[in-house]
Amino acid sequence: VNAPTVTMPNTAELYQDVQHFYARQMQALDAGATQVWAETFASDGVFAAGGMPEPVQGRDAIAAGAQKIVDQFAEAGVSRRHWIGMLTVTPQNDGTVHARSYALVLEIPRGGEVIARRSTLCDDVLVPASGTWLVRHRMVTRDGLD
Amino acid sequence: MKESSVTAPGTAPGIASPLVAGETYLQVLQFYALQLKILDDGDTKQWVQTFTPDGIFEAADMPEPIVGREALAMASDHQNARHEGLILRHWVGQLTVEPLEDGAVRAHSYAMVYVIPNTSLLEGDVHFRHHTLCDDELVRSNGSWLVRHRWVATDGAYK
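As you go down the protein sequences, you meet chains A and B in turn.
So for the first sequence, the working numbering puts the first residue at 1; every next one is plus one.
So for the second sequence, the working numbering puts the first residue at 1; every next one is plus one.
Chain A extracted, bound-state conformation (with noise of 0.2 Å):
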């Protein structure tokens, strides 16, 4: 068995650019502009997790999805946050990037303390476009379930 090899993004750049994405990608989320977190996924993007009967599919369906777990969490007054770390960008001959993160979900009830809720393996394939990348397919999977 050879040992596992990691492809070194071409560019720092690259790396970073996608870093940063995230970053603003998870604020949007946790902040409950689900539009602006669907706006993060092309147009027919796919959202698949472990646990869900099937994968969510456009724009719309991924807001829409979104919504309902924000509501969920304002309902109940817990602030949600996603860290992302331990990320992999490897670039595709078809100009697509593949990355790979964890994904550590924290969880502050009003007036409580934080509770590392999940942790989860985060598959994407990103796609370029106007300046920044969209999420093509997002495959989650939460440790312990799957």
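Treat each hint with caution, since some may be false.
Stated by the list, open to error - According to the in silico footprint, chain B covers these stretches of chain A (three or more CB under 8 Å from chain B):
#: 1; segment: 77–86
#: 2; segment: 104–113
As the list claims (entries may be wrong) - For each label pair, taking beta carbons as the anchor points, the in silico distance ranges come out as:
#: 3; chain 1: B; residue 1: P117; chain 2: A; residue 2: E54; range: 23 to 33 Å
#: 4; chain 1: B; residue 1: D102; chain 2: A; residue 2: A74; range: 34 to 44 Å
#: 5; chain 1: A; residue 1: E54; chain 2: B; residue 2: V67; range: 35 to 45 Å
#: 6; chain 1: B; residue 1: D77; chain 2: A; residue 2: G111; range: 23 to 33 Å
Just so you know, these hints were derived from the structure itself, not from any lab.
The model shown is predicted, which means the values in this text are computed figures rather than measured ones.
The beta carbon of each residue, even a glycine, is placed where N, CA and C say it ideally should be.
Put chain B on the given structure of chain A with help from the hints.
Positioned in the frame of chain A, the structure of chain B alone reads:
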């Protein structure tokens, strides 16, 4: 007093608003690493030098903004006294940096704030105390960055 010029404090930037290019982003990342280390070291003298002379620090739970290095120093000394016997750590992440028209930048970030009792090697459990949002305006100064305006909100505490 200069008002923040992009969106209201704490609001997520639109996806269409531009982000700074790589080199500036790295500089700002490193600025935070340095500034928060100084804060956690309790080094008031260095800390106030990371703000402009008339820098502003606002927090959702403070009745009034703190303005200027002298007032920042007093606030810092007060905080340091509260953390006597504890090691304090601010861990900043999820940083976004947008250019502003006047050459300044607007930086949004998260911070995990935790303390470790400074007792012995065997009793050093990490205690997560807060999670905060930080919304800054930074200006270039002598090859580094300074905070012109900081706005901080603690998650869960104020809505």
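Violations among the numbered hints: Hints 3, 5 contradicted; others consistent.
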